[in-house]
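Asks: The residues making up each chain are set out below.
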Amino acid sequence: MSGTFAGRRQRKHNGGEYLTGQVRYTADLALPRMAHLALVRSPHAHARIAGVDARAAEAHATVVAVMTGAQAAEVSGPIPFLLDPAGLGGVNADVRCLAVDTVVYAGQPVAAVVAETPGDAAAAASLVQVHYEPLPAVLDCEEALADDAPIVHEGWASNVMLAGSFGPDDFATVAAEAGHVLAGELRIQRSSPTPMETRAYLADWDPVRNELTWYGTSQNPHPQRYVLATALRMDEHRIRVITPPAGGAFGLKMHGHPEETLVAVLSRELGRPVKWVESRAECLLQGGREQTHQFRVAYDDDGRVRALHDKFIADHGAMAAGAGWGMAFVGANSFPSGYDIQHCRVDYTITVTNKPPSVGMKPFGKDSAVLVLERVMDLVAAATGLDPGEVRRRNWITSAQFPYTASSGLVLDSGDYHGVLDQALDLIGYSRRRAEQETQRAAGRLVGIGIGFEMLPEGADVPASFVTAYDSATVRVDPSGHVTVLTGATSPGGGNDTAFAQIAADRLGAEPDQISVIQGDTAVCPYGTGNLSSRGLVVGGGAVALAADDVAAKVRAVAAGMLQADRAQVRLADGLALVGDDASRSVPLAVVAKSAYTLGYVFAPDIEPSLESTRTYMMPNVRHLPDELGRFSTYTTFSNAVHVCVVDVDPGTGVLQVLDQAIVHDCGTQVNPLFVEGQVRGGVVMGIGAALGESISYDADGRLASDGLKQYLLQRAIDLPPLAIGHQETPSPFSSLGAKGAGESGYSAAAAALLGAVNDALRPHGASVDALPLSPPRLLAALQQAAR
Amino acid sequence: MIPSAFDYASPVSVAQAVGLLGERSLVLSGGTWAVPEMNRGEARPTVVVDLRRAGLNRITLSGGTVRIGTTCTYADLLASDVVARHLPLLRAMAAGITGGQQILNQGTLGGSVAAARPSSDALAVMVALGGRAVVASADGERRVKARDFFRGPRRTALGDRDLLVALEFPTAAGLRSGYVKLKHGQSSWPITTAAVLLGPLDGQGQAMVVLGALAGTPVVVGGIRADSPVTEVELATRQAVDSVSDLWTDVLAPADYRAAVAPVLAVRAWRKAAVPAEGRRS
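Residue numbers (our numbering), protein chains in the order written: chain A, 1 to 788; chain B, 1 to 282.
If you are wondering where the hints come from, they were derived from the structure by calculation, not from laboratory data.
Do not rely on the hints blindly, as some may be mistaken.
Simulated coverage check for chain B against chain A, where a stretch passes if three residues somewhere in it have a Cβ under 8 Å from a Cβ of chain A [said to hold, decoys possible]:
hint : region
1    : 130-143
2    : 259-268
Cross-link-like lysine to aspartate or glutamate pairs, in silico, DMTMM-like; alpha carbons within 25 Å at most [what the hints assert, rightly or not]:
hint : chain 1 : residue 1 : chain 2 : residue 2
3    : A       : 710       : A       : 729
4    : A       : 710       : B       : 81
5    : B       : 272       : A       : 478
6    : B       : 272       : A       : 608
7    : A       : 12        : A       : 478
8    : A       : 594       : A       : 513
Far from chain A, by Cβ distances over 12 Å, these chain B residues were calculated [stated by the list, open to error]:
hint : residue
9    : 3
10   : 34
11   : 91
12   : 104
13   : 228
14   : 251
Idealized CB from N, CA, C, for every residue including glycine.
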């Protein structure tokens, strides 16, 4: 797709507002009579709540109210699940805005304190006396699976939330013919999404009209409205959800958090606005990705993988109403990445423990499939003596094989993985690096080169949920000629709003900077599901294109009447409607717009004189009916990338330095390459950070130990070398824009390339690492162990 | 956001400051420890005594002693000719402080010393340089040697009504120094540090090798001289590490890791210090 604006590296159309500090984030909002919420959180990982004594807290200066879980349960119901494991044959447990008689993790909200100032609310919260009767807790998922393990959720027969599998169970048969088998394992630690902006919610109940206006950091405004209506037991149409501009989300802000409902419950009870802003320590309670994989691989003499069997256990923490558990399911569904391995079997078990619940985090479990497959390819390379790139070439799906049905049932759309690898190796100077590596090794340095390939299914449509592969947009031109775009898709800060302006601008001949894009207001935006699963641009943009085309057709019809030309000859460009390329036969769009509304009967009596259209775009390649093997295909776009990473490991300390990183990605047609690169950069830094050291840890009692950014170390700008980024465009044959989701790109391949580079660095010493994070203590221990 | 009420005082003299101290007071020098701890509710003083107007921000040289006021920031140290010439080891440490320009401008050497967090850079360097804490109280002023000042994690010779007003160091001009710090990424606090001072100390060719962030207090490596070969430095460091009973552990690295890297760092700091004499390293 090409146009004047789409495809261009356009800066944010409203960037000036951000640079000058004019943007109002949720935490900036203030309403008259607004009160502040602070939470009392459980210090115990598992306990009964015997009683709550709020008297001292209620007596504290400026405290307005204290609410217990029992009181909240009288006026609200359980929070509906974003994804319900029971829908797949698993088990669920009710989640409420405040714990009623049991707590299942340290940090769980137990009581709410509302005061006139945040300081008073926090001080009073520490005065609330909760009488707990501690219960045995389980903090490790393998222990949770033992026969005598304490049961986390009352009424469950075990600590298994859901177990299942994908693919044929024929490893043994295929292995017998293949000739070689290797086994391995991979442990992945819990990490946290850490957006710059933590969560914040402000609920404003109008007691006269019995209506709620809810402002908050939610990725999904319309579904959020449903969630609030259900939990508050009120009509959905009486709720307006407004999601201000976001400072990053990464999955953290998908709906289902207790505090979303709690502010609304309190506002309704008190008849005044109630606001809550999450602290960084509270934000670090949200995490996930903790999994342990064991795999075996059958391969032949040529390094061709014939069969793969992976078994993994995911530690979800306690039950939640969000999307966290879905990551294990999606991770399993994403095997075997972009490799042509039809005999691929994945068995997964999702366990609950008395740790804070998992929250959905980009890239939503697909990282684990990538990490395992890339590790497999590197192990096969080491076993066969083949170059790691060559092993991948021999195992990838080739361009000619698309659309390709994987063993999981997913139908991969398009790609040219070999082309991406060629470019990436060129970008990093692979042959030169390998030659240098020999010299460096001779000098005693531990330099390693790793290749990481990611294939990311995006744009999911999950039946009976608000995860959809469609979205809607309204495009409107007013009599002055001003263009407004309203979308059901929202932006987590990644800039899809500018892309929507570019798409509309192309079709209407307008300037993107002059277009208003409105997102995140359920009162004015058409129904949509916000941002998740990297679909905002693909389906949101698809809807904008449809609606803009409708309006453009009407504009051209009216202009044709004004210019006395054939409608088919009229073009819209540079703010004009013109006949072909003849600038002398043109009329400004503003004039056409005014004429549409006031002279419609004269110039185009067959056209409805309203320059507005609301359209919904649906991805066509969703399959919810099972195929002959009982498989589904819920994902609609499949982007990919190859990263090559060069590292240096200090043999005396295990400290690692990333020397260089090259990235070549392919997300199909790019509407705005600048924003795609922004997503990729962010994903790379997140992936390297998680692989190197971002590690959520708890004390022996299950309380969060890594509760600040001095304990949970993020990569800083000076930690990493400049990233070399290239791209390839293999359009989607299914999406109208040819685009594929890019919102989750970068993380998985970066982490996998790093793991590969570290193992490459350590191999001459006979050491290897199969657990993340690749912290200095872990690397040093691996070297020391090999030396013995 | 600080969840407890407190009084704030900004005394303009040492005497005035001392008069404000008590069991529930908290002294603020740069605030880089105090304010975050108050925000998290870990420190709940009834009065905060801010030293920044009490005239404690000067660096002076007199009779072979460098005196650094408590509220001198790391940026002040880096800008000081006196420090550059007489305490290059201190300057090297200041240059590597985590946190960039904002922390350099705000964090103070005196505050770090008084806070006595085992992970801080300042402690081992103060011991290596033979520094002394100048402590003021209602009874007057006294000096405490670095090794006696640090009593354990977050514990010093300062009582509730004592005020650290300055640090004094004998000039190390002409001595050779090396400083190495290991951390996990740019935003990490130190995991283990090694500070080395070489040269004719007291005319006996002694060498100071001090390990920081390894234990609750800085660890001095004994039994080496300025002319010791590197292998002896490594061995002596191992022995010193083995005799430590309170190896430090935190969420970023366990004790056995620090014990393993300490000898490696000591050797590297030694080599940095020894380079002018040896001329080259292998």
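Asks: Of all the hints numbered above, which does this structure not satisfy? Sort the numbers upward.
Replies: Checked against the structure, the hints that fail are numbers 1, 3, 4, 5, 6, 9, 14, while the rest are satisfied.
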